[in-house]
Amino acid sequence: MANNPLDTSLLDRAIVFAVKAHAGTERRGKGFPYIVHPMEAMEIVSTMTADQELLAAAALHDVVEDTPCTEEDIRAEFGDRIASLVAAESDTFEEGVSEEDSWHSRKRAAIERLARAPHDAKIVALGDKLSNMRAIARDYALQGDGLWKIFHAKDPKDHEWHYRGLADSLRELEDTFAFREFERLINQVFSK
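For the sequence shown, the positions run 56 to 247 when our numbering is used.
Just to be clear, a hint being listed does not mean it is correct.
Ranges between beta-carbon positions, derived for each pair [what the hints assert, rightly or not]: (1) 245 x 84: 36 to 44 angstroms; (2) 205 x 127: 25 to 33 angstroms; (3) 151 x 125: 33 to 41 angstroms; (4) 78 x 204: 21 to 29 angstroms; (5) 246 x 156: 42 to 50 angstroms; (6) 59 x 212: 47 to 55 angstroms; (7) 59 x 208: 24 to 32 angstroms.
Hints in this document: simulated from the structure, not taken from any laboratory. Keep in mind the model is a prediction, meaning the values are calculated, not measured. Built from N, CA and C at the ideal position, the CB exists for glycine as well.
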């Protein structure tokens with residue numbers, strides 16, 4: 056009995072699109088290509104679903120926020136569902152307000168948006184947030200409090216507030232391995 060091959064054409068296109076969009080950029084303070092993060096987020100999402108559109112959204116999740124590509128570009132190339140999932144993961148920046156000055160309001164808005172988000176958007180978000188938390192845990196183990204210097208918000212209490220708020224917003228995924236790892240890493244890094 057022959058197995059039908061898995062149709063990954065949509066995901067393949069999304070990966071190529073993300074690679075091109077992030078070409079030549081580095082993950083902040085890491086020394087490696089930015090694309091490594093969306094690929095890790097996609098791998099995490101694959102532990103929760105085989106839905107090719109969710110995997111594609113994970114690969115594309117930072118394209119609107121961090122490159123010249125727009126939500127409309129994603130919609131034209133990949134359709135409404137993927138564009139909406141990517142939009143749900145994208146911070147909105149205030150004109151004329153620095154990233155440092157808008158950090159708290161952007162992160163509060165992201166936590167609130169995620170709390171109201173549909174289940175599928177939460178899966179994509181958890182892929183992103185767990186990838187970020189893994190990097191923080193690794194870097195914190197090596198650098199200690201010096202790690203916080205690379206961020207717009209320098210106080211680790213701000214990051215603890217942010218990540219614990221994200222965990223609360225993602226709590227409906229608490230039965231997944233990814234959520235349990237996310238919460239464990241938050242508790243490890245921000246232990247009292």
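Quick rundown of the hints versus the structure:
At about 19 angstroms, the beta-carbon gap between residue 245 and residue 84 misses the expected band of 36 to 44 angstroms. Distance hint check: the CB atoms of residue 205 and residue 127 are about 32 angstroms apart, consistent with the given range 25 to 33 angstroms. A C-beta distance of roughly 20 angstroms is found between residue 151 and residue 125, which places it outside the suggested range of 33 to 41 angstroms. Between residue 78 and residue 204 the beta carbons are some 27 angstroms apart, a value that agrees with the proposed interval 21 to 29 angstroms.
For the pair residue 246 and residue 156, the beta carbons lie near 30 angstroms from each other, so the given range of 42 to 50 angstroms is not met. The given range of 47 to 55 angstroms is respected by residue 59 and residue 212, whose C-beta atoms sit roughly 52 angstroms from each other. Restraint check, residue 59 to residue 208: a C-beta distance of roughly 48 angstroms breaks the suggested window 24 to 32 angstroms.
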